[in-house]
Amino acid sequence: MTAYIIRRLFYAIPIAFGVSIVCFALVYIAPGDPLQTILPEDASEETILMVKKAYGFDKPIPVQYFIWLGKVLTGDFGLSIATGRPVTDEIFKALGNTILLAAGAVLVAFTLAFTLGTVAGYRIGSALDRAVTGIAVIGVSVPNYWLGIVLVIIFAVELNVLPATGMGPRGSDSFDILVWNDFRHVIMPIITLSLIPIGIITRTTRSAVAEVLNQDFVETLRAKGLLETEILIHVIKNALPQVLAVMGLQFGYLMGGSILVETIFTWPGSGFLLNKAILTRDLPVLQGTILVLAIIFVATNLVIDLLQTAVDPRLKRS
Amino acid sequence: MKLFKRLAAAVSVTAGLAVSGHAASAESVLRVAMTAGDIPIVIGQPDQGFEGYRFVGYNLYDTLVLWDLSQGETAADIKPGLATSWKIDPNDNKRWLITLREGVKWHDGCDFTPEDVVWNFERISKEDAPQFNVKQFGMIRNRTGSIEKVEVLGKNEIAIVTKDPDALFPYQLSYWFMISKCRLTELKNDYEAYANAPSGTGPYKFDSIVPQERLELVKNEEYWDKDRIPKHDRLVLIPMPEATTRAAALLSGQVDFIEAPSPDTIPRLESSGMEIVTASYPHNWSYQLNFVDGNFKHKAVRQAANYGLNRPEMKALLNGYMEEGYTNVPPSTPYHGTPSVKYEYNPEKATALLKEAGCYPCKIKLAISTSGSGQMQPLPMNELLKSQLDAVGFDIELKVMDWNALLDVGRPGREKNPDIDGINISRALQDPFSALIRHVYTKQHAPKGSNWGHYSNPKVDALIDEVYLAFDPKVRMEKLTTLHELMVEEATLLWVAHDVNPRALAPNLKGFVQAQSWFQDLTPIVVE
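Line by line, the protein sequences are chains D and V.
Add 106 to the 1-based position in the first sequence for our numbering, that's all there is to it.
Add 12 to the 1-based position in the second sequence for our numbering, that's all there is to it.
Note that these hints are calculated values from the structure, not bench results.
If you're wondering where the values come from, they're calculated on a predicted model, not measured in any experiment.
Be aware that one or more of the hints could be misleading.
Below, a sample of chain D positions facing chain V; criterion: calculated Cβ distance under 10 Å [stated by the list, open to error]:
no. : residue
1   : SER150
2   : GLY181
3   : PHE378
The calculated lysine to aspartate or glutamate pairs, modelled on EDC-like cross-linking and capped at a C-alpha distance of 16 Å, are [to be verified]:
no. : chain 1 : residue 1 : chain 2 : residue 2
4   : V       : LYS455    : D       : GLU151
5   : V       : LYS460    : D       : ASP322
6   : D       : LYS159    : V       : GLU139
7   : V       : LYS377    : V       : ASP305
8   : V       : LYS460    : D       : GLU147
9   : V       : LYS455    : D       : ASP322
10  : V       : LYS460    : D       : GLU264
11  : D       : LYS158    : V       : ASP420
12  : V       : LYS428    : D       : GLU151
So, partial list: chain V residues that the calculated Cβ filter (under 7 Å) puts toward chain D [stated by the list, open to error]:
no. : residue
13  : LYS147
14  : ARG153
15  : GLU225
16  : GLU228
17  : VAL230
18  : ALA255
19  : ALA260
20  : ASP420
21  : ASN429
22  : PRO430
We put the beta carbon where it would ideally sit given N, CA and C, even for glycine.
With the rest of the complex left out, here is chain D (with noise of 0.2 Å):
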């Protein structure tokens, strides 16, 4: 298990390389220029040449990428040219508050898509397997920035019952998710960003369990006699590591945060973040916020990876 692990790991090398040189190519290719919002609309050639030079954006680009390249594996992203601030301190204080989000929509949406997949894939064909796929196609087709704002106007605007915006009132530096006050702020954005993975993992769950109830060792186990429950935990143990992949994918999504979702919460997490980034065409916060994403990304398919493994360990003889 050790060697397969070491294997991974040095699989995720040239990964996390080969996205730091795609994503630093993008934000070139990209029209606009990143001092662009940060000087006045008027300026001058010569100021925008002499700024230019001061940030080394005067270098070729495989220079710059270079340059970048040892301060980052030095641990230092530089600094934010839109605020100044260390791009280090950015990421990870936008990405602790994306966790607060994507923890609770984790718990949520997996427990309810995972119960509603099995029960519906079991009952294949029920009135409940029909309701369940109903609520799965909603997952998937209801924009989920477009559920937000209902949500807002509902419960902020009309019933006045949660906060629309935000991390309360002395922003995330102050912000306990023990305390109800602070709480009520997270409800609706987790309610927002669990819609599309209840959708897609309940669709997978439920033709996963399908499946592999229509195997032949599923009839081998009844005539067996054993008990529906019993044959459903088996069932649910073959179903897993289908399951468990696209759980990984998103649970992967949703560390990266939702731009929309942050957006229209004001959430002050990754994909607002990167948001910005974009809009303000700040490379420093981009190129840094894309890599340690792409970084959690590979993270977690090694993890998930581990535990289908370690639910089917025929896929690790293959």
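Starting from the known structure of chain D, fit chain V onto it as the hints suggest.
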């Protein structure tokens, strides 16, 4: 149902506690939702466009020359700030003699001195000065680039020497914020540290900042202008880029004052008792035109486009929240004058002009953005404009791009984009240079300046040269008025709208007067 009742009860109790807690506190707090995506930087010259100037710049800091934002009847003009008076040296028309205000203190307790002005000039101009900051240099260079040197003449006297005679120079001083030499020196010129403890002379003092989330300022009881000591204790500035979110935050009581509610949310806000304030202000939603390469080089085509626009229809599209733009500056501007032509909707005349110019159908490509600072609602507005102009004989192609990409087209000028006939970048018209000169002066041809389409007219250039030499305000006003009238006659832009900058205020706010300016004074607001 039982569960719902319990939940409702818990929520009511919590809300009750929150309300009683608020009532028990004597502090009055004004919470503002800005359109910005982040807190504007606080180290002097702010970012986030003029919203940064409005909420951070003029609240934390002062400039030598300030804007009079106390009334909303006429366009705001400059007034004394840290300088009490200024005049041109009778013996040298490049040397401004400035008297500084006495008894002003920085928020850190140090005295404001003439040496502070020299130090602030070096901060944005002298590369080897320890306080030099290249980003701040870039952000204010277009305003201070004309300064040759700053000299201390006495206890409260300085002289600023410009590179060329510039009668409009006091306007440029109104954008240059003075920061505390004491504080930055104490922090060893470390701007990252200074950003957590900025010190100015403005009506508010810095209290705390949570990056990306909120900036809290408290009133400066010792502010030198006693009439502008804030009438509330604390000002909280919250970045909230999404318009629907701002409206929801106001309706749910999370903020008291929001910037730019979208026109479709305004009826809902009004029905909830919110006050909607609007005022004409020096903003221009227009197109800068290419005078060299395409069909807009013909005056008749430019005039046809202006006659072909049905601006009342555009106003209806925005639920009435715009002022029809027939000229470069709104009519309330002192140098608006009485242009000889008014581009009221006249489709027949537009078509006739196109035929006369031999451009029918007349192909035009306009670069537009999907959003952006001051761009109002660019997509529906541009679609309507296209349909109106196509109807009179134009063949409009809209080249849609994001805001940064459009700025990339705008900055280098028409030479790099000869296929584009016009760019839809909204402009501030805060002062005569921004409003008029930069669009039409040959010396302002892009990329050096903002004359994107390289308009060039010896008559206009001569008039502008005279403006720069007109140190008598009355003479200067006459020349500026003539310049504006000439620009309108020449149809130097395609004018569409002046924004009226709606804001929504909670019913418990009293005393706000919306000035005809990009900047606003929050200090008179009483939070009841």
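Q. Of the hints given before, which are not true for this structure?
A. Hint check: 2, 5, 9, 10, 16, 17, 18, 21 and 22 fail, others pass.
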